[in-house]
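**Q** Sequence lines, in order, name chains P and V. Per our numbering, the first sequence starts with residue 1, numbered consecutively. Per our numbering, the second sequence starts with residue 93, numbered consecutively.
Careful, some of the hints might be misleading.
Coverage of chain V stretches by chain P, computed from C-beta distances (three or more under 8 angstroms per stretch; other residues unrestricted) [what the hints assert, rightly or not]:
#1 172 to 178
#2 301 to 310
#3 319 to 332
#4 366 to 373
#5 377 to 388
In silico DMTMM-like pairs for lysine to aspartate or glutamate, Cα to Cα no more than 20 angstroms straight-line [what the hints assert, rightly or not]:
#6 V/Lys559 with V/Asp328
#7 V/Lys317 with P/Asp52
#8 V/Lys464 with V/Glu124
#9 V/Lys548 with V/Asp419
#10 V/Lys548 with V/Asp495
#11 V/Lys314 with P/Asp52
#12 P/Lys85 with V/Asp328
#13 P/Lys85 with V/Asp608
#14 P/Lys85 with V/Asp615
#15 V/Lys550 with V/Glu562
#16 P/Lys85 with V/Asp607
#17 P/Lys85 with V/Asp566
#18 V/Lys402 with V/Asp489
#19 V/Lys246 with V/Asp419
I should point out that these hints are in silico values taken from the structure, not numbers from a laboratory. Note that the structure is predicted; figures quoted are calculated from it, not measured. Note that CB positions come from ideal geometry on N, CA and C, so glycine has one too.
What follows is each chain in one-letter form.
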Amino acid sequence: MREEDPLAPQDPPPEPPTAAPATPRRSDHHPLNWLLVVPVVVPLLTLLFNHDGPRIGGFPAFYWMQFAFIPLGVLCTAAVYQATKRRKEDDR
Amino acid sequence: MKDHMTEFVVFAVLFVLVSGMGFVAARWRRPESMHSLDEWGLGGRSFGSWITWFLIGGDLYTAYTFVAVPALVFGAGAAGFYAVPYTIVVYPLVFLVLIRLWSVSHRHGFVTPADFVRARFGSPALAAVVAVTGIVATMPYIALQLVGIESVLKAMGVNGHWPILIAFGILAAYTYQSGLRAPALIAFVKDALIYIVIIVAVLYIPSKVGGWGNIFDTAQAKFAKTPAPSDGVLLDGTNQLNYAMLALGSALALFLYPHSITGVLASKNRDVIKRNMAALPAYSFVLGLIALLGYMAIAGGVKPLTSGGKPDTNTVVPVLFDKMFPDWFAGVAFAAVGIGALVPAAIMSIAAANLFTRNIYKEFFHKDATDKQEAVVSKLVSLLVKVGAVVCILALDPEFSIDLQLIGGVIILQTLPAVGLGLVTNWFHRGGLIAGWVAGMAAGLWMLYEIPNPAKGKEHFGGSAYKLSELGLDTKMTVYVGILALLVNLVVAVAVSLILKAAGLEDGEDATAPDDYTADEGDPKVRDLEFSSST
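Generate the whole structure from the sequences, applying the supplied hints.
**A** In structure tokens:
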């Protein structure tokens, strides 16, 4: 249906029209999506970080470890974003 | 107040400056017409990555958070730090679901989560339930933003309610005029101020109170002297499970709140949302540092101000700033909190107004309302919502608003099966979802009612940590009420759905197609498709 829509002529198809299937079905499935499980589970495992030592810069492990989970979360989500973002698009 | 003149002048100047921006915002990225909810309530669904980052960040990390989280850490220690795992877990948790919500809303022109539920399960009644839940959960949240401003004013020695009335009057006026563009523009200033204040605070204050090691040791020494068993700079055996479940439950609830969804739907495509899921944790870092202000206050010997004879721990951070910073910078810090209240309060009132307009007014009173009528109703309701919030604060004990906020988190979770799981599957029967909601609400409210808080001398609504021993389990552990209520909700929703399906009772029709959930910017919308097929 999408190719025949007369209201979107300004939107060039990403591939030559002949190569495109009749109904391009996108999917959100991607093996790297499993990475998202890591930052959902790890920060909830209190046994991992509910300790005073070792301290870093005066911070008990309880605090510096949880701060360290922030970059862990960023890395995982950023990796999934990079793997699944729309190609050849600049939306800024 | 005379001792605080410099602070107050800096605070007032910044506040007025930002309010001016709110009015100018109507002309920012000027639309052809503001007479539709897409423009007034969603900023034209056109925001790119940066604006969305500031908008959602300004929306989720509210003034109340900045005041209440350190107050909690000041009072209870490690348990208050749950805000950090909560805001780490939330983004990967909702990553895949939010892009589906954006797509289906883009395709069908949904403005609210209840719009989606109505189409997905073919049930105006279920949509109304979701809408009312959203409005009820949001109202006390707006009221608590006032608590944030009030705590700052108290620290400057300004008492009485008139400054709050003025502040909210200004807020109401520019939200009415500029819609979502106002908080989007103000969010830049708000977040910049917050970042500056916090970075200065964590570099400067520890050096005045003997360094980080001393801060944690002093806090531990204080907690060791209190009679309460489970406070301290670490968790103990009884509250670890609650800590994790409170973080998880809060994370599940966050993007069910209508104001968070408003921020998401205002972005212009899926990649903007994905990029933001990776970038928003920058605020979690700041939030963690803000939480630690609670310990700095302990080490700095801060005594919270009293109101009505009771210590008001919400004043801990403002008093700390007042004590540690030079006057002019304390003024900047207070302005950051004050302006920090304006952004979420504006977005929340817009979201609540949209829910009323789309899922109650249009659904039940004026079926063929035009876009313009929708916008007019929403603008008026946004004013009403703010009046309601002010009345909440003036007429009721602020303590009551805090109770309502606690309840709000639990009840908004009860929309998860319809909104959250609904984005993944349409398996549930609409009757099952309503039955689950009723059961979850009843269970949640009952458990909250049963929880006492001896420290505050309260018999009911004393917190959200439910003792598992009450359920007959042989343990001292506690669990967040929201999660338990959600479990009840899910079990009932599944059971009743199975029964209704087996009985062959007619289910609502799903108006969405699988492809709708992966649509992106540039793809045709349903309105356009109907138009093209009829020509």
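**Q** Check whether the Cα positions of V/Lys317 and P/Asp52 lie no farther apart than 20 angstroms.
**A** holds (19 angstroms)
**Q** Is the listed coverage of the segment 377 to 388 of chain V by chain P valid when you require three or more residues with a beta carbon under 8 angstroms from a beta carbon of that chain?
**A** holds (count 3)
**Q** Does V/Asp608 sit within 20 angstroms of P/Lys85, going by the straight-line distance between their CA atoms?
**A** holds (18 angstroms)
**Q** Please work out if V/Lys548 and V/Asp419 have their alpha carbons no farther apart than 20 angstroms.
**A** Roughly 33 angstroms between the alpha carbons, so the hint for V/Lys548 and V/Asp419 is violated.
**Q** Would the hint linking V/Lys548 and V/Asp495 be met if the CA-CA limit is 20 angstroms?
**A** Roughly 13 angstroms between the alpha carbons, so the hint for V/Lys548 and V/Asp495 holds.
**Q** The segment 172 to 178 of chain V covered by chain P? Criterion: 3 or more residues, Cβ-Cβ distance below 8 angstroms.
**A** Satisfied; 3 residues make the cut.
**Q** Using C-beta distances, would you say chain P covers the segment 319 to 332 of chain V, given that this needs three or more residues below 8 angstroms?
**A** holds (count 4)
**Q** Assess, step by step, whether the Cα of V/Lys246 is no farther than 20 angstroms from the Cα of V/Asp419, and give holds or violated.
**A** It holds: about 15 angstroms lies between the C-alpha atoms, which stays within 20 angstroms.
**Q** Given the hinted pair P/Lys85 and V/Asp615, is their Cα-Cα distance within 20 angstroms?
**A** Distance of about 16 angstroms is within 20 angstroms: holds.
**Q** With a cut-off of 20 angstroms on the C-alpha distance, tell me whether V/Lys559 and V/Asp328 pass.
**A** holds (15 angstroms)
**Q** Sort out whether V/Asp566 lies within 20 angstroms of P/Lys85, counting only the CA atoms.
**A** The given pair, whose Cα atoms are some 49 angstroms apart, is violated under the 20 angstroms limit.
**Q** Is V/Lys464 close enough to V/Glu124, meaning Cα to Cα at most 20 angstroms?
**A** holds (13 angstroms)
Violated hints for the displayed structure, listed by number in ascending order: 9, 12 and 17.
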